[in-house]
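Novice: For reference, the chains in residue letters:
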Amino acid sequence: MNPVIEIRNVFKTYTGGGEPVHALRDVSLTVGGGEFVAIMGASGSGKSTLMNTLGCLDRPTRGEYLLDGTEVTRLSADRRADIRNRKIGFVFQGFNLLSRTSAIENVELPLLYTDVPEREALRRSREALGMVGLAAREHHHPNQLSGGQQQRVAIARALVNHPSLLLADEPTGNLDTRTSIEIMNLFQELNRERGITIVLVTHEPDIAAYAKRIIVMRDGRIVRDQPVENRRSAAEELAAAPPPEEEVEEVA
Amino acid sequence: MKLAPIIRIALRALVRNKARSFLTALGIIIGVGSVIAMVSLGQGAQQQVEQQIASMGTNMLIVSSGGQRSGGLRGAMGTGTALTPEDIQAIAREAPAVEAVSPSVNASVTVVYGNQNWTTRAEGVSESYPAIRNWTVASGTFFTPMDVRASARVAVIGRTVANQLFAGEDPVGRMIRVRNLPFRVIGVLDSKGQSGFGQDQDDILFVPYTTAMKKLLSITYVPSAFISAVSSEATFAAQDQIEQLLRQRHGIRPGQEDDFRVRNLTDIAETAAQTTGVMTLLLGSIAGVSLIVGGIGIMNIMLVSVTERTREIGIRMAVGARSRHVKMQFLIESVVLGLAGGLAGIAAGVGVSFVLSQVFGWPQLLSPAAILASVIFSVAVGVFFGYYPAHKAASLDPIEALRYE
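Protein sequences appear in the order of chains Z and V.
Just so we're aligned: 199 in our numbering is position 45 of the first sequence, and the numbers increase by one with no gaps anywhere.
Just so we're aligned: 176 in our numbering is position 70 of the second sequence, and the numbers increase by one with no gaps anywhere.
Extracted from the complex, chain Z is given alone in its bound form:
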């Protein structure tokens, strides 16, 4: 079976006037199915560029990227849009939900650009919202939801197309500690129970400790790549913590 991500000798150089900026210098990385990887690094270390490259939003200047065994660096913009649509789910720091659009419609968004019939799209969106524990909130708009709930809607959106890879860019950056743990709990469950491959970018070691493997970047290079020792379990922490002030729905 192919690894989900296989990048070989990837370089990314920005030449937007003045000195060229080497955002990625000879990065090679393999992520197998069912892995849970945290990418860490200071700002400017190249982790966002790596994320954009992994997410098929950006093309490397040089090098190869095989996603699910398919070389994607030389594909057209339309083909890369299709890859993002079918193989990748994005979760962003700022949630990036469409405002004034209900939760269910936000989740449905990726299916809009597929051939999935509307009835089936709705069924799958409901299923995905159920997976993140927000089945009862499908008609709520983002401004009627808490930050944690908004991020869960975004995760449901990322999952609705059954992607091979879930990419999360600072998913807990805008959330308080308890909500962060809830979100990490959701990620751990998705990874453990559904075998979803997750790559997470964070600059917080606490958050990275929920993953199975940590990659540290500096100056466009991978400087460390090792399994997580003393892995944290969000479920256990939540069980030990005092009960939340606001009601939290049971996560599927």
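Keep in mind that the hints were calculated from the coordinates and are not lab data.
All the pointers check out, no bait thrown in.
Derived, one-sided and incomplete: chain Z residues facing chain V with beta-carbon distance under 8 Å: (1) D212; (2) A235; (3) N239; (4) F244; (5) L263; (6) P264; (7) Y267; (8) E272; (9) R311.
Listed next, the in silico BS3-like pairs over lysine-lysine satisfying Cα-Cα at most 27 Å (straight line): (10) Z:K366 <-> Z:K241; (11) V:K433 <-> V:K108; (12) V:K108 <-> Z:K241; (13) V:K124 <-> V:K498; (14) V:K433 <-> Z:K241; (15) V:K124 <-> V:K108.
Just so it is clear, CB atoms sit at the ideal spot from N, CA and C, and this is done for glycine as well.
On the provided structure of chain Z, position chain V as indicated by the hints.
Specialist: Leaving out everything else, chain V in the frame of chain Z:
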């Protein structure tokens, strides 16, 4: 790609900004509305003029003196002095295709009865005039060949003149003063209403042309004359005969220019149709300019909308929207703006043209072609002016768009 949900998204975006969408569409509403109203107005006027001309009779001809020449200058038709009463009599006598002839000698006069006075048009005509121009006498009689020969001071008045001078009184038999000369009213005409050019046809006073020439104007020539041919088929024959006869009488050699002009109603109808057609075209194209202005309004708002929704575009692209999905979404928005504006504009145009037709008393003519064309045109405006903003949206870089605050 599924079109229905993309249309739904576009519609929802428009509904969200109701005021803005309405104001943007207003440009198109005004544009389409004015095109339809103007074209309808023009066509109404055209039909009215055509009907008016047709009602004069298809067998009518008008002969007028050519423009008077002084040095190199040529005056307007009817200002010349070439036609004489003898010419007119000769036409009646010698042209076989001619049925009846009546000179037409016009003067603006003030008419006084008792302490009432009224300024109107006096037309000097012959006894054949009512038959040629379809006038009928309501009370009294029209004047006789005898009155014409004797240059009698008799007058037949139109309904408006009768109403102005004789409030409730029977005018027949009364004496009135025309340019201070006493005239006896011998008849009142049936009302004819307004002409196609908005003139009151009943505001008139007929006198024998001999009287008008000698006593009112002191002229010896006939400015113009109305002629009826024996049938409408004979109009062209009559025209030829009159031209030959007059050239002969005026001693005009072959190759020399006529000093008179004979026109038939077909010519006049064509000229009138051309004039109103040009007017319709002119009004329509001025209104068309406002459609273009409306289109620029759409482009402007769509550009604002694309900028405002940069982040939304980024999100859509990140989850797999292709450029053409995004382009389609914005294009549909602008087409819907154009189409909605177009449909509302048709309603507005039909309404306005109805009001105008009531005001002018014209038939309301709605051209299905103009309506169809404006729908197509407003959609085309939507596509044309929406394309650039939509293209701009579709060419955004998803990474940049997601970062946009």
